[in-house]
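Novice: Listed here are the chains, written in short residue letters.
2 protein chains.
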Amino acid sequence: MPDAEGHPAPAEMTLRTVLAALADPLRYEVVRALARDADGAARTCASFGFPVSKSTLSHHFRVLRESGLIRQVDRGNSRAATLRRDEIDARFPGLVQLVRDNPAVP
Amino acid sequence: MPDAEGHPAPAEMTLRTVLAALADPLRYEVVRALARDADGAARTCASFGFPVSKSTLSHHFRVLRESGLIRQVDRGNSRAATLRRDEIDARFPGLVQLVRDNPAVP
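Residue numbers (this note's numbering), protein chains in the order written: chain C, -2 to 103; chain P, -2 to 103.
Note that these hints are calculated values from the structure, not bench results. It is possible that part of the hints are untrue.
[Claimed, not checked] Label pairs and their in silico Cβ distance ranges:
| id | chain 1 | residue 1 | chain 2 | residue 2 | range |
| --- | --- | --- | --- | --- | --- |
| 1 | C | P90 | P | V102 | 33 to 41 Å |
| 2 | P | R33 | C | P90 | 43 to 51 Å |
| 3 | C | A35 | P | P100 | 29 to 37 Å |
| 4 | C | V49 | P | V49 | 30 to 38 Å |
| 5 | C | R59 | P | K51 | 30 to 38 Å |
| 6 | C | S50 | P | K51 | 34 to 42 Å |
| 7 | P | R72 | C | T41 | 48 to 56 Å |
| 8 | C | D0 | P | D71 | 34 to 42 Å |
| 9 | P | A101 | C | T79 | 25 to 33 Å |
Where is the CB? At the ideal position from N, CA and C, for every residue including glycine.
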């Protein structure tokens, strides 16, 4: 079962759900940015600077969290997101590298 | 530019569009079935036996074709689909293998 914040365990992740999470342009950019950051880098939702409402942003981060791609941790007033790189690499080898290597628009 | 049937050249494919094509359960099943078939195997849309209308099926195969995942060729009364495996492998290494290895529902 996913934990209280909706993070699935690696065995609960499905490739199709992960791909569906990545299919949206904003979410793809989030994962690609995290994949290009140093391993374990944590970023707040706001730090990405997307021109969307807070509720839209929350929705997208929830989809990412529930797919298993990111982990969100509370930091008082904000939440920071990290890529679950090692777990994704173990579960779906090569996927993070593909996203890292491929800009949304070539 | 894509050809007259909407098949993009490999350089025109984007990972995000390919992932969006794979995000739908029916389309994921089509690609996974073709990935598990012998290389170059061609199948008609009807051969998959999905319980959806012909127009819905046509829509899904068009999305797959326009993403670059499959090639469709006319066969008189029907169209046969093949996975563009070598081109996808060259453009997005490891992706076909991931789909092949991961059932939609684990």
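Novice: Decide, hint by hint, whether the structure agrees.
Specialist: Evaluation of the provided hints:
A beta carbon spacing of about 20 Å between C/P90 and P/V102 contradicts the range 33 to 41 Å that was offered as a hint. A C-beta distance of roughly 18 Å is found between P/R33 and C/P90, which places it outside the suggested range of 43 to 51 Å. For the pair C/A35 and P/P100, the supplied restraint of 29 to 37 Å holds, since their beta-carbon distance comes to about 34 Å. Distance hint for C/V49 and P/V49: a CB-CB separation of about 33 Å, consistent with the stated range 30 to 38 Å.
Judged by the Cβ atoms, the range 30 to 38 Å given for C/R59 and P/K51 holds: they are separated by roughly 36 Å. Roughly 40 Å separates the CB atoms of C/S50 and P/K51, a value that falls within the hinted 34 to 42 Å. P/R72 and C/T41 have their C-beta atoms about 54 Å apart, which keeps the hinted 48 to 56 Å range intact. Range check, C/D0 to P/D71: Cβ separation about 51 Å, and the 34 to 42 Å hint is violated.
In this structure the hint that P/A101 and C/T79 lie 25 to 33 Å apart at CB holds, the actual value being about 27 Å.
Going down the numbered hints, you'll see the structure goes against 1, 2 and 8, while the others check out.
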